[in-house]
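Student: Dock chain to chain to rebuild the complex, using the hints, since each chain is given by itself in its own frame.
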Amino acid sequence: MKSMAKKLRKTIQSRTDHLLEVREFVLEAARKCGFSDDEASKIVLAVDEACTNVIKHAYQNAPDKEIQIEIQTDENTFQVSVIDEGKAFNPGAAKLPDLKQHLAQYRRGGLGVYLMRTLMDKVEYGYASGRRNEVRLIKYLTPSNSIVRG
Amino acid sequence: MSEFKVQHRDGEGVSVIDLRGYLDAHTAPDLENAFQKLLNEKKFNIVVNCKDLSYISSAGLGVFMAFIEDVRKNQGDIKLTNMSPKVYNVFDLLGFPILYEIYKDELEAVKKFGERR
Chain W
1 MKSMAKKLRK TIQSRTDHLL EVREFVLEAA RKCGFSDDEA SKIVLAVDEA CTNVIKHAYQ
61 NAPDKEIQIE IQTDENTFQV SVIDEGKAFN PGAAKLPDLK QHLAQYRRGG LGVYLMRTLM
121 DKVEYGYASG RRNEVRLIKY LTPSNSIVRG
Chain A
1 MSEFKVQHRD GEGVSVIDLR GYLDAHTAPD LENAFQKLLN EKKFNIVVNC KDLSYISSAG
61 LGVFMAFIED VRKNQGDIKL TNMSPKVYNV FDLLGFPILY EIYKDELEAV KKFGERR
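Protein sequences, first through last, are from chains W and A.
Each residue of the first sequence is one higher than the one before, starting from 1 at the first, in my numbering.
Each residue of the second sequence is one higher than the one before, starting from 1 at the first, in my numbering.
Isolated chain A, as found in the complex (with noise of 0.2 Å):
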């Protein structure tokens, strides 16, 4: 059983990475292995599709924390897109909409980047 995954696509300068599962203690490492390696391939603007995630724990939000200062730095940003009611009530908790761009499609927010550009 596949508890846990992160795939990560490519497309007009930017990166989308596709989360389903559970985002725990556990899975957080492979989410954060996916951020790093778009970081070392410098590449900056990063969409977060969550519609097949089923549950995150702070220890998957902590790894958005991670990351959001050197996107940043860098004239990036991670923006999520997708979330369930449930999955977005976690992040509302906590206050993540403030820090984070939160779109109900991703389309939506890769277009956002296109905007800038």
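Next up, chain W with everything else stripped away, as it sits in the complex (with noise of 0.2 Å):
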């Protein structure tokens, strides 16, 4: 079933046993929208990438902050927005690293925003003042990625 514009938010605290809990809320949001299995494990694998690298890099690990996801939707786009008050981190100014010279390196870092960039059809990065960091994942729905649920 495609919906008209629509808009789903969930805030949970900076941990990561509240990953899980992110899935699940995206997971079911893209099927709603109407994207196949396939398509829906992309974004909330990008979501989940998204989400570490806040609770990693943007808050070092302190527990006890916030992350907002918001889901927006409209008849052919699905946006979701991973908002936080941390640090700011720009990987979106930083080239994509090399994969093989990565691995070649045995490098562990980095992964999760290649894996962003790969999943999604566009990353996108704001700030605001107020030390407010956003990403923004975007993935069109296509006849391609997308079933029709009864």
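It is worth saying that the hints were derived from the structure and are not from the lab.
Keep in mind that the hints are not guaranteed to be accurate.
[To be verified] Computed list of lysine-lysine pairs in DSSO-like fashion (alpha-carbon distance at most 27 Å, straight line):
| id | chain 1 | residue 1 | chain 2 | residue 2 |
| --- | --- | --- | --- | --- |
| 1 | W | Lys56 | A | Lys86 |
| 2 | W | Lys122 | W | Lys6 |
| 3 | A | Lys112 | W | Lys32 |
[Stated by the list, open to error] Negatives, chain A to chain W, calculated, CB over 10 Å:
| id | residue |
| --- | --- |
| 4 | Gly13 |
| 5 | Ile17 |
| 6 | Gln36 |
| 7 | Lys51 |
| 8 | Ile102 |
| 9 | Tyr103 |
| 10 | Leu107 |
| 11 | Glu108 |
| 12 | Val110 |
[Said to hold, decoys possible] Which chain W residues face chain A? A few, computed with CB under 7 Å, are given here:
| id | residue |
| --- | --- |
| 13 | Thr16 |
| 14 | Thr52 |
| 15 | Leu111 |
Here the structure is a predicted model, which means the values were calculated and not measured.
Just so it is clear, CB atoms sit at the ideal spot from N, CA and C, and this is done for glycine as well.
Tutor: Here is the structure:
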């Protein structure tokens, strides 16, 4: 079932034990929007990576901060915003790692950002005064990545 | 509810880690501990069976990255088996099949270790 413009919101504390809850929230919304299971899983993974980055980098593992997850959908766009008030981090400015070289050096970091960009159609970063960071993960609904659910 | 479980079996000079559930930033430390324990015991021939692994994020993939160098320095290896297509896709997106041997079946991987001896 495709729905008209819609907004969903969830706030979690900055702890990794909330990631499962976020994934379930996003999975349900993506499926409702009409994405195939395969495509919904990609969105879910990208959001997990964004939240994990906020927990580890923006909040540096402080467990009592807030992360807001906002889902906005219209007929053919699914956008998830992950919003925090931690340390600004702009991987958008960094070049994508050369994956082969990255792996050859056994480096663990940066894989999440690479995945987000690979899994989504568009990744945008926003900053507002008052230390609010936002990453927007966007996926377009097309005939090839959606299914009609009864 | 148990969202993630690491279990470890030993046999024929090969240690097998069974993964179950969700491997994300929350559960990755459990896998890290399992690898660290094997390395402390000087067990470097490791097969990770992913049959019941339903989800992996980069935090989970990072654990494999963290240990592979040490394991190979000690003439061992980490071989991965029994992945669902969904989990394999994530490994594939990050180019892991270049760096790790991935087998359909656990026995195949165990045999590979045997061939080297």
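Student: Over 10 Å to the closest beta carbon of chain W is the bar; see if Gln36/A clears it.
Tutor: Label holds. Min Cβ-Cβ 15 Å, cutoff 10 Å.
Student: Are all beta-carbon distances from Tyr103/A to chain W longer than 10 Å?
Tutor: It holds; Tyr103/A is separated from chain W by about 19 Å at its closest Cβ, greater than 10 Å.
Student: With 10 Å as the threshold, tell me whether Ile102/A passes as away from chain W on beta-carbon distances.
Tutor: holds (14 Å)
Student: Is the hinted pair Lys56/W and Lys86/A satisfied, with a Cα-Cα distance of at most 27 Å?
Tutor: holds (25 Å)
Student: Given the hinted pair Lys122/W and Lys6/W, is their Cα-Cα distance within 27 Å?
Tutor: Measuring from Cα to Cα gives roughly 19 Å; hence the hint holds.
Student: Just to be careful: measuring from the Cβ of Thr52/W to every Cβ in chain A, is the smallest value less than 7 Å?
Tutor: Where the cut-off is 7 Å and the nearest Cβ of chain A is about 4 Å from Thr52/W, the hint holds.
Student: Gly13/A clear of chain W by more than 10 Å, beta carbon to beta carbon?
Tutor: It holds; Gly13/A is separated from chain W by about 25 Å at its closest Cβ, greater than 10 Å.
Student: Measuring Cβ to Cβ, find out whether Leu107/A lies farther than 10 Å from everything in chain W.
Tutor: holds (27 Å)
Student: Would the non-interface assignment of Lys51/A survive a Cβ cutoff of 10 Å against chain W?
Tutor: holds (18 Å)
Student: Tell me if Leu111/W is really an interface residue toward chain A, meaning its C-beta lies closer than 7 Å to one of theirs.
Tutor: Because about 4 Å separates Leu111/W from the closest Cβ in chain A, which is inside the 7 Å limit, the hint holds.
Student: Would you check whether the claim that Val110/A is not at the interface survives, using Cβ distances to chain W and the 10 Å cut-off?
Tutor: Check passes; 24 Å lies beyond 10 Å.
Student: Compute the least Cβ-Cβ separation between Ile17/A and chain W, then decide whether it is above 10 Å.
Tutor: holds (18 Å)
Violated hints amount to a single one, hint 3; each of the other numbered hints is respected by the structure.
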